[in-house]
Each structure stands twice: as structure tokens, then as C-alpha cells.
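Undergrad: Full structure from sequences and hints, please.
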Amino acid sequence: MPDQSRDLNIALQEKVTLLEKALTRERNAKKKLEAKLDQKAEVRLYDNKEFFDSYEKATSRQVQLQFLASLTQELLLDKNIDESFSHFAGNVAKLLDACPVVVMRINQDDENYVWSLASPSESWQTMLWQKDYELLIKPMLAKLESRWHRIERSNSTCNHMCSELFFNEMLLYLIVKVTEKERRIILLDISHYCYSDDFKQTLDIAAHQFGSAIKRRMTKVELAYNIRDLRNTVSELKATQQQLVHSEKMSSLGQLAAGVAHEINNPIGYITSNLDVLKDYINIYDQALSQLPTKLVEQLDNARELSFAREDVSELLDSCIIGVERVTEIVASLKTFSRKEQDEFSAVAINDVIESALKIVWNKLKYDHDIVQELSLGLPEIHGNYGQLQQVFVNLFVNAAQAMDESGELRIESNMIDNYIEVKVHDTGCGMDESVIRRLFEPFYTTKDESEGTGLGLSVSYAIVEKHNAMISVNSEPNQGCTFTLKFPIVYS
Amino acid sequence: MKGAIFTGFAEYVEKEFGLTTWLKTLDSCELASNGEYLSTELYEDVEFKVLADTLGTIIGVDREYLFRGFGEYFFPVLMSLGLPHVKEINNLFDFMRAVDSVIHIEVQKSDPLAYTPTLLYDQPHDNVLIIRYISHRQMCHFAEGLILGAAAHFQQKAHIYQTKCLCKGDEHCLIRVEI
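The listed protein sequences correspond, in order, to chains A and B. Sequential numbering from 0 applies to the first sequence in numbering that gives the first Met the number 0. Sequential numbering from 0 applies to the second sequence in numbering that gives the first Met the number 0.
Read the hints as simulated data drawn from the structure, not as lab findings. For each residue, glycine too, the CB sits at the ideal point set by N, CA and C. No false leads were slipped in.
Think about it this way: if two alpha-carbon atoms lie no more than 20 Å apart in a straight line, the pair counts; the simulated SDA-like pairs of lysine to any residue are:
#, chain 1, residue 1, chain 2, residue 2
1, A, Lys-30, B, Gly-7
2, B, Lys-14, A, Ala-21
3, A, Lys-39, B, Ser-79
4, A, Lys-35, B, Pro-111
5, B, Lys-14, A, Arg-24
6, A, Lys-248, A, Thr-453
7, B, Lys-48, B, Cys-28
8, A, Lys-35, B, Leu-82
9, B, Lys-14, A, Arg-26
10, A, Lys-248, A, Leu-236
11, A, Lys-39, B, Val-101
12, A, Lys-93, B, Arg-131
13, A, Lys-30, B, Tyr-11
14, B, Lys-23, A, Glu-19
15, B, Lys-14, A, Leu-22
16, A, Lys-30, B, Tyr-72
To spell it out: a stretch of chain A is covered by chain B in this simulated footprint if at least three of its residues, at any positions, have a beta carbon under 8 Å from a beta carbon of chain B; those stretches are:
#, segment
17, 31-38
18, 41-53
19, 180-192
TA: Shown next as C-alpha cells:
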């Protein structure tokens, strides 16, 4: 306690004033001291500030790098486009306070626009937002791709759509070009975009990375399509080349065969005629000889040879006639190659042709083979020659029967594919190797014994099929059976 | 919390409501520091709340009002310190963006590892700045006051409102400032 007796006799108001002054002096002295302390603290802080700043920056960068690294890892995985969008949108949404996210797919097809909507885990749904398209989506699409843009909810242009789907203050969106006609928009429904500059920069980098990844992916897809197209073109070219070579060969051989047939036709004509006359003459000689007395005949020098000749000549003539008939048949077959021949074409039901051909070869197949018919009902008719087409199928069925020695299955299918009627004739026989397939349609080429085939069956069939503007192809491997495929064009009246 | 806030608050109360009101406030509170504040030290956050609430009860105003008023008062004080991050600033938005650094430096002077609030910014338009304020201290109304003080200082008219607020249970405050 201060000594009251030694205190000056000062009025109370003056005392208060003095105390206030003292307080101000103390306060100023304290402030000066604090300023000195502050200066020292500042020096101390700046000595270590670099370290603290670096530490802080490194911590922040670590998070960003982790995000970008995981994004890159995701993008490197072989995911489809939908999955890539789903993962990216999901990850960004997680970073932005797990906000709602929507991926919108917009297809631009001429003047018609179709857009679909999906949250990453759900399937696409079509949404009819014609009004929103003009007001909201079209202006969005005009913005730069692979960069974040935003629209505030207060903006009147997004009233309709926003009220249906979004609840927060603003939409952060990213436009990604997928193809020339397709864009996708990732829409994040956020309440704010208050983040550090580093964070926003990370999002921008991520958007750019994602856009580039999608571009790369689509380039890959396009390349794959191009490669596939090129391969198809190459195989088509090869097939066409083979077809052309074969056609040319067939044409040359066909013309040669038709020419030969024409040349053979006349001699064969008079040989056949002469053989008939000769047979008649022989009969006359024979009858005349029969009328002679037996003794007189026996007295002839070569009576024994004459007797043998009389017995043998008839057989020889019959054999010659059979031979000439065979030659006539072959010549008739060769005439098929001649394109000049005018055939009668009419509307033909291919299933009827198949069934009639089966009846012809029924005896060859009915005991040892299973026959499966899968003929589509209601197929349109084709324009063709019934008899010639029947000949084609008979040839194929007979070949199938011969390829299946003991047992097997002959399956015949007919179907309409695009503008063609496709008929498949499949057997489970011995099949063929590549070298046989290559020569299969050549005239006189045969794998059968000489007595069994002339080698004209398939070449004639080929010529008939060509005349019908149809195509025939074969697919076979040794011991794997064989499938002939015929494609007949449908001619609409 | 940095002692400068306490000493500044003391000056504000003394100026606005009188020295005795401040002394009475201190006298009515049980404070670990006993109200002996040095601007360079750090003190328990709770002390500030206790002081504000006690003062509010004495003079009959709410905490929001006090904090906002204190913020407005404190801005010129802050500027008078000649802090390197704010002394060259000549507009409201630049000041708002610099506040984060100022707080960091001032707190770190006392303790480099001390807790600091997080302030994050977004400027959707030239005339709008949104601040996301994340702090367990819930001093968003003080921030509002600082912004008002700065607007007055830079002679800019500012309209401030919070769309989200920690004091109302949100996980952060969103302070939207339109000029």
C-alpha cells in the first residue's frame, strides 16, 4: 500500500488524469517492446520461412501429384470410353467435396441432336431437353474443349435443367471431344469453387490430360478400324484377284471346251448315225448269212473267224454306241460353258429346287446318311433356270455322298441375308486340302477314279452359278467336312 | 490466437465502450492469462470467446455485432503496421487475397507450427470474390468486419453476405463479396 501521508494532496480528477497518462506511457512502452519482439520473431521466422514454405508447398504438391499419378494410371488401363469417363468424373467429384456429378453425351447428327445423360454408375438415359439445348448446352459446346468452365445457378439460362437435376450454386463443366460428332460434358454440381490456385491448376492439368487420353484412345480406335478395313480390303482384293484369275481361266477353258465340243459335235453326229446304220447293215449281213446253208458257210476258209466275228460284232457295236453316247453327254455338258447359249429364265423357288434335287439323289443317301434340311420358309423367288439349278444341287449332293464313304450328315440350309438368298450345303465327309480347293472348279479336274467322274460336275455347276449372277464358294479342311455356300441375288419385280 | 487480436480488441472496446467497460469485462472473466496480453504471444482461443460473450452481456449486444465492429476497427490498425503483404495494396479484392498470407505470417512469428485458418478464394466475375473460410475459431464475422473496413479504406462500396456459415453448423463459411 502506498504511504498516504507522503502522497501529494492532489484532487481526484487530477489523479485520474495522471493515472491515464501513466497508463498511456506504459502502453506505449509495451507496444515498443512488442514491436522489438515482433521484429526479432520476424527475423527468426524468415530464417526458417523458406523451409516452412517448402514443406507446405511440398505437402500440397504431393496430394496433387498423387491425384495426377492415379489419374494417369487409370487412363493407362485399357478401359472403354464409358468407364474412363466414369472414373475420371468420379475422382474429380471426390476432390470437390464429393459433389454430385453427371456425364452428358451429345451426338450431333446432321440437324438432329441427341443427348443422353448418365451418372457414372448408371446406364445412359435419353433426356428430352429441347429447350435447354438451345439455351444451355449449345452455348456450352461453343466453349474450349478440355478446360473447365462454369455456369452459375443464378444464371436464368439454366433454370429448367438446373432445377431438375442440380441443387448447388454452380455447375463446373468440362467438354471433351470424343468423335467429330460426339461430345461429352462432365457436369459437377458444386456449391463453390474456392480452392487454392495450385488445386485449380491441378484440375486444369487433369482435364487436359484426360482430353488428350480420350483423343489418344479414339485415335487408337480409329486406327484399329482403319487396320480392320485395310485387312478386309486386302482380303477382298485377294478374293477378287483369285476370282478374276479363276474366271479368266474358266472363260478360256470354257471357250476352248465349247469350241472343242462344237468341233466334236459334227463327227460325233455322223459317227452315231453311221453306227446305227452300220448296226442295221450288220443285221442284214447276219440275216443273209443265216439264210445260207450251214455246210456252205462251214466250207469257207475263215469259217471259224466269221462265226466269232458274227458273235462279237454286235457287242462291239453296242459298246461303241454307249461310248459315243457318253461322248455326246460330255459334249452337251461342255456346251454349258458357252455364254452365247440362250436359256429360259423364270421365277424359281430355291427351296423347291433343293427338294427336287434331293429326290433325285435320295437313293444314294437314304440308307447310310442323315439328311438335315433347314430351309427358311417364305424366301423370295430368284430369277433362274430350274433345270440348271437342279443340276447344280444334284452335283453338290452327289459329291457330298461320295465324300462320306460310310456314313455322315448332309445339312442343307437356306436363308435370306441382306439382298441375297444364301444356301449352304455342308457334309461331314473327308474334306479337301488347299491345293484341291484351288482347282476344284476347273474343267476335267477330278479326285475321283476315271470311271467315276469326268471332272466336269463342279466346273459345269460353277458356269451355271455364274450365269445366274450368283456366287459359289467352298470352305473345307481335310477330315473336317466341306461347306459349299451359294449366294443368289434377289431380283425384286 | 495471436495476442495482437486481444490487444487490438482491448483498444476497440476501450474506444467504443470505454476503458472501464473493458476493465469490467476483464474483471468478470476467469482467464488463464489474467487478461495480460502481449501482441507477440499466442493465447487460448477460448479466451477471446469468453471476453466477447462477457462484453456482449455487459453492454447488451451479440457476438456477431461485436466481431464485425472489431473487424472494421482493426483494419486501419493492420494497415498501420506496414506489413509487407498489405502495405502496397490499393483495392479491396487484393487485400482480401493477401489476408491469408498476413494471418499465416503473423501467427507463425509466434509459433511456426501453430494452427492457422484456411482461406480459399474464387472470383467468378470481376466484381465478385467468394472466400471459403475454414477455422474452428469461427471468426467469420470478424472477417466480414475487416472486409467492410477495407472497403471503406479503399473507398469501394461492398455488399457482403454469407451463403454458408460455420456458426450455423456448415462445414465452412462462404463469404460472397460484391463490389
